[in-house]
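Q: So the sequences go chain by chain: A and B.
All residue numbers for the first sequence refer to full-length UniProt numbering, where the first residue is 1 and numbers rise by one.
All residue numbers for the second sequence refer to full-length UniProt numbering, where the first residue is 1 and numbers rise by one.
None of these hints come from the bench; they were simulated from the model.
Errors might be hidden in some of the hints.
25 Å max Cα-Cα, derived SDA-like pairs, lysine to any residue [what the hints assert, rightly or not]:
| id | chain 1 | residue 1 | chain 2 | residue 2 |
| --- | --- | --- | --- | --- |
| 1 | A | K335 | B | G334 |
| 2 | A | K503 | B | G334 |
| 3 | B | K503 | A | C336 |
| 4 | B | K335 | A | C336 |
| 5 | B | K442 | A | N333 |
Over 12 Å on every C-beta distance to chain A, these chain B residues come out as not near it, computed from the model [as the list claims (entries may be wrong)]:
| id | residue |
| --- | --- |
| 6 | E34 |
| 7 | D146 |
| 8 | R214 |
| 9 | P278 |
| 10 | P287 |
| 11 | L468 |
| 12 | A473 |
| 13 | K502 |
| 14 | E547 |
| 15 | A577 |
| 16 | D615 |
| 17 | Q628 |
Yeah, the Cβ is synthetic: ideal placement off N, Cα and C, and Gly gets one too.
Number of protein chains: 2
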Amino acid sequence: MAAERRVAALSRHLTSSSDVSLSAKVDLRDFAAEDVYLFLTRDNVELRAKMLDFLKDPMYRPNYYLSLMEFRDLTLRRLQKFVDQKFFSTFDYLNDPLRFMAGLETLASVDYSLCIKAGVHFTLCGGTIAKLGTEKHHKTFLPRLDTLELPGCFGMTELGHGSNVMGIETQATYDEETGEFVINTPTDTASKFWIGGAAQHGKVCTVFAQLTVRGKWEGPHVFVVRLRDDSGQPMPGVRIQDNGPKAGLNGVDNGQLWFYNVRVPRDALLDRYSSVAPDGTYSSPIPSVAQRFGTMVGGLTTGRMLIAQGAIDASKIGVAIALRYACARPQFNGKCIMEYLTHQRRLLPALATTYAMQLQSLRLKDLYMAKRPEDAKTIHVVSSGLKAGATWHRVEILQACRECCGGQGFLAANKIGPMKNDMDVDVTFEGDNTVMMQQVAKALLDTAAKKPPRPQMPSMEGASVTDLTLLAALLRFREDSLTAEVAAAIGRAAKVAAPGGKKAAVAAAADAYEDNLDTVLQLGWAHVDRITFEGFVEEVNTRAPREARPVLSLLATLYGLTRVERALAFYLASGAASGAAAAAVRAGVNGACAALSADGGWAALRLAEGFGIPDHCLEAPIAFDWRQIGSTVTM
Amino acid sequence: MAAERRVAALSRHLTSSSDVSLSAKVDLRDFAAEDVYLFLTRDNVELRAKMLDFLKDPMYRPNYYLSLMEFRDLTLRRLQKFVDQKFFSTFDYLNDPLRFMAGLETLASVDYSLCIKAGVHFTLCGGTIAKLGTEKHHKTFLPRLDTLELPGCFGMTELGHGSNVMGIETQATYDEETGEFVINTPTDTASKFWIGGAAQHGKVCTVFAQLTVRGKWEGPHVFVVRLRDDSGQPMPGVRIQDNGPKAGLNGVDNGQLWFYNVRVPRDALLDRYSSVAPDGTYSSPIPSVAQRFGTMVGGLTTGRMLIAQGAIDASKIGVAIALRYACARPQFNGKCIMEYLTHQRRLLPALATTYAMQLQSLRLKDLYMAKRPEDAKTIHVVSSGLKAGATWHRVEILQACRECCGGQGFLAANKIGPMKNDMDVDVTFEGDNTVMMQQVAKALLDTAAKKPPRPQMPSMEGASVTDLTLLAALLRFREDSLTAEVAAAIGRAAKVAAPGGKKAAVAAAADAYEDNLDTVLQLGWAHVDRITFEGFVEEVNTRAPREARPVLSLLATLYGLTRVERALAFYLASGAASGAAAAAVRAGVNGACAALSADGGWAALRLAEGFGIPDHCLEAPIAFDWRQIGSTVTM
Ligand SMILES: Cc1cc2nc3c(=O)[nH]c(=O)nc-3n(C[C@H](O)[C@H](O)[C@H](O)COP(=O)(O)OP(=O)(O)OC[C@H]3O[C@@H](n4cnc5c(N)ncnc54)[C@H](O)[C@@H]3O)c2cc1C
Ligand SMILES: Cc1cc2nc3c(=O)[nH]c(=O)nc-3n(C[C@H](O)[C@H](O)[C@H](O)COP(=O)(O)OP(=O)(O)OC[C@H]3O[C@@H](n4cnc5c(N)ncnc54)[C@H](O)[C@@H]3O)c2cc1C
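So here's chain A without its partners, still in its complex pose:
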């Protein structure tokens, strides 16, 4: 009823005859959730199914009654049992990255602590050894990581140094006499902080430290350092302090580390990009310290991709639960809460955004797997943007889902709340989002410094706001405009300061950048919005199952419209949109919401089914028969 009314209202609002397209799309054909699943999940389908089946084991059911220490203990046991199945190997980090990622991704649908505990061990520790180490390291460590005989840690962050890794203070000095590196923590701010696994279980750690050889500083390098001996006792010179309880993710035992003259053999240096000869001769194919370090950490994209994927998968679970409850829960006059426009506007853009991010993640994996050296910068930009975008979207999506479930959204058994708590970390770790979005913007500004973009303002007059080409043009226009705006501000500042010399000009440019940091962040977002929308549309056009194309194209429309709506002030201020166009955008969003939630919301529910979340991962009682909560369903 309400849906049909709004579809009708929509045709009144839209600005041209071509706008019937949306109402046409409302006539959504039936489509199979399995087809959509295969559209969204393209690799290791069988392996994933096998893992999910294994994770039915009662040991992996959520238990919210545990104390901190019990939960950590359970997480280790869960990981050991999982590892024993040998679904993948640390060697896959290099040999079969998709399999490697599929393995870790699957864990997130069960428990984020387990996923991160495994991620630190396999990706951050194992992956670093695989990528930055050479054969001797692989042979020595990877098989023992594979069995969890050596639980691994990743020691990059320090109490005083997070986002700015170049600024770490931990020292590694080569001692030619003994052929060893001596690792030291010179101050408390140099203590390694947040090191996953360090508090209790970790035995080996990839430690980032400033290398000094023959009195010369060579920048940050990575060393494999034993934290504990085989029996679990801390190694001599290693001081360990538990980070204690966190706001979530308490299955992971994060800890703080100090090194006091810890001696490690020359082979402890991961020497793929630089090496130290026994006599202390330092050599590296990359001469600049900054570039060398950039290459090292640049290779560690997998971690960032996993965090993005974890956020996307959590969004899937949240949206699926909230949609199922919304379509089954009446509150006033027997009307299901899904029928409220406010509810639709909270959940359906969340659904569309989750699809957009998932497809973007697939595209990034494709790019990554193609292994073309010329793509390195794009991979860095896209992975930074996706990481920040997907995790910030997740914050908003899970919050909306939790609120949409009313009180039930706060019940641990219904999963959204605990997931929200556990995952809150993802916006600041593996690259703080504010810093990540700047990485994206900086890349655009670098390009613009050479060749400034010429923003093309699309005309909305007489056009339909649901036209995918128009939406793409709008998103492109915003990105180009913001790029041009910030680039111009920087250029102007540099020019004004130029008479004072090159250094003054560079400083003025940096100041101008900082003065526009608010716009810089928006620019990062604008880029993410544009590429994810374009990707969504292209994926639907080229790879979507035929029956699902109308509904997926409607979903892409909704995604594009919500991104445009969010930035409406920009479009209005720039003159791209009139008041009427703004009204049409609103009507477009409302119309798409109506279409997706009509007839009991079957289309939205089916799309959520397309995520392919098995019942034992969906878990939440409200996703099944909420009327039974507490009577037959016990929490």
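Starting from the known structure of chain A, arrange chain B with the ligands on it as the hints suggest.
A: Positioned in the frame of chain A, the structure of chain B with the ligands alone reads:
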């Protein structure tokens, strides 16, 4: 440096000469935090200090290591010890509401579980008995609540019925034979759900049930029902099920209740607004069921005010911690993170908003204390709006604060994260926010149906965007425009349907309302924005300490500007703002941020000091010397 640059940039951006006002304000005089504290905290100052002092007791220090059951147990013991001090009494609910509220508010600065456990007992149970009961109830129950001899519960919500309380299914039937009411839970959806204290400690409960007397339904009424006997055993016919773990607030033992032919004496009915004579004669001064119920629950504003105040106080703590860390934490090039515009834009509007909400809460208390019958509706609207506004702001503010602290924001010891988890409940309980905002909007639409507002579009041309009168006019314009827009849509629909009769017109009006529910929510927000801004300005002008006036007036400007900026699309679409005006708004926000964070952020820090949070409530290591974390400060 950056601050001064931005202030300069601001003067370039602003559209008229009067805009120097902001740069003038930048010259902020010194002011005393204590004066500001007394501006923000006007009642029971000594009592609050005494309570806070008492709460230094180690028993009240946070402990994040506890299991669910241990935490519940500790919360009860904490409450008992607090109650033993007799800081206030349940009788104060009627006799000295400010003292009553001050008592409960103070608990929130220590632990939200403790605050809510006390709130359910004193406000929801005790307050209901005080307000809806008569002397016999007061005498019987209030003294035993005061000592916690009878831990009290509040039984309104049912598994199937939350926002729509009128729809509850629990039955109370009067039995003239025995002079008793018989309470029954006819279905599982009628089971009382979420009842705080019911799972373990509650002994008495104010139960909402549909009353039937002599076969006639009289609507929801409230009965005092014993859940457990003095020894703690469930009463005959009362079935209790633990709700289990939640996403936070785990010190409160929420539970589910079924009543099977539970017989309570005739006196169990809280009979202030209606009574049943021994022979079953029902009488009430309020004839209509809906109005009668409205009067009953309308009296329970205190709970809503407390939830709003709790959200405000949590925002204070979050903002204070994040600001102190931001001004002490360098990350790149020795630059404190507070110097980043992005950081300022995350924290300073949060600071301003927290002030705005706090002042609004004071104003609401004034209105409440004046006890003028003609204010009843205003109190309902303002309390609903403040509850929704303050709690939704809190979500955003605490999220921003947590993210601004990077990894440290996720450490439990730093308090923001656990507070965020615990308080997440506040957006849906004590009136779901989406429903509350509709209460606000409906009141405006009711008035508009009689006398539609005539929106006055203020002219921004040639005006300064930092002019407080202009900002007020802009916020008023938005509220009036949205009111007029929705009212017109409803009016049109009713008119079209009118030929079909009155019923059809009413139905069409209701449909039109639902079709515009997105705008209705914005209208609720627009009202909250407008009154909180006006209140802020008025408080500053009339009651602010003289030295602090410039800085507070700058803060009010920032608040108004951020609310206008958030709704910029509206102002642009309506023609009130041009692109240049939009740029001026941005520059105004950035300029105010610069002024507040200049010189090491002393003004912002001082304003946070004005919240008057004692060190033992601030708690977080990052609010003190973060460099010591883990070395001398142990978590
Ligand atoms: C649960 C958890 C597990 C972790 N596990 C590991 C691990 O196993 N190994 C490991 O090495 N690390 C780990 N980390 C550390 C994590 O990677 C860091 O927390 C992260 O890099 C951010 O650094 P920081 O916390 O020092 O924040 P900071 O870098 O100090 O940032 C603080 C704030 O300042 C802002 N800011 C900083 N720089 C800028 C800028 N240039 N412009 C604008 N704003 C800025 C940020 O946005 C943020 O809001 C973990 C962290 C957590 C919380
Ligand atoms: C920790 C906790 C403690 C509590 N303690 C108590 C207690 O002690 N005693 C007690 O009686 N209750 C208690 N409650 C219950 C609480 O008051 C309810 O959860 C609240 O009233 C919301 O009701 P609901 O959960 O049934 O959500 P619903 O009313 O079912 O709402 C679900 C969703 O639908 C949306 N929705 C509903 N109606 C509309 C509408 N008309 N328009 C648009 N959207 C709509 C809401 O916004 C929400 O997102 C507690 C709840 C919690 C979580």
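Q: Each of the hints needs a verdict: does it hold here or not?
A: Checked hints:
1. Restraint check: the Cα-Cα separation between K335 (chain A) and G334 (chain B) comes to about 58 Å, which exceeds 25 Å; the hinted pair is violated.
2. At most 25 Å may separate the alpha-carbon atoms for a hinted pair to count; K503 (chain A) and G334 (chain B) meet this at roughly 19 Å.
3. Between K503 (chain B) and C336 (chain A), the direct Cα distance comes to roughly 23 Å. Compliance with the 25 Å bound is thereby established for this hinted pair.
4. In summary, the hint linking K335 (chain B) to C336 (chain A) is not supported, as the alpha carbons are separated by about 53 Å, beyond the 25 Å threshold.
5. Of the supplied pair hints, the one linking K442 (chain B) and N333 (chain A) holds, its CA atoms being roughly 18 Å apart against a limit of 25 Å.
6. A cut-off of 12 Å between C-beta atoms confirms that E34 (chain B) is not in contact with chain A; the least separation is 32 Å.
7. Every Cβ of chain A is farther than 12 Å from the Cβ of D146 (chain B); the closest lies at roughly 29 Å, confirming the non-interface assignment.
8. With a cut of 12 Å on Cβ distances, R214 (chain B) stays outside the contact zone with chain A, its closest approach being about 28 Å.
9. Non-interface status of P278 (chain B) relative to chain A is upheld: no Cβ of that chain comes within 12 Å, the nearest being about 36 Å off.
10. Consistency note on P287 (chain B): stated as away from chain A, and its beta-carbon is indeed over 12 Å from all of that chain's, at 23 Å minimum.
11. Every CB of chain A is more than 12 Å from the CB of L468 (chain B) (nearest about 22 Å), matching its label as outside the interface.
12. Consistency note on A473 (chain B): stated as away from chain A, and its beta-carbon is indeed over 12 Å from all of that chain's, at 19 Å minimum.
13. No Cβ of chain A approaches the Cβ of K502 (chain B) within 12 Å, the least distance being about 19 Å, so the stated non-interface status holds.
14. With a least beta-carbon separation of about 30 Å from chain A, E547 (chain B) lies farther than 12 Å from that chain, consistent with its non-interface assignment.
15. Distance check for A577 (chain B) against chain A: the nearest CB is about 8 Å away, which does not clear 12 Å, and the non-interface claim fails.
16. Against the 12 Å criterion, D615 (chain B) stays outside the reach of chain A, whose nearest CB is about 20 Å from its own CB.
17. Some Cβ of chain A comes within 12 Å of the Cβ of Q628 (chain B); the nearest lies about 7 Å off, and the non-interface call is violated.
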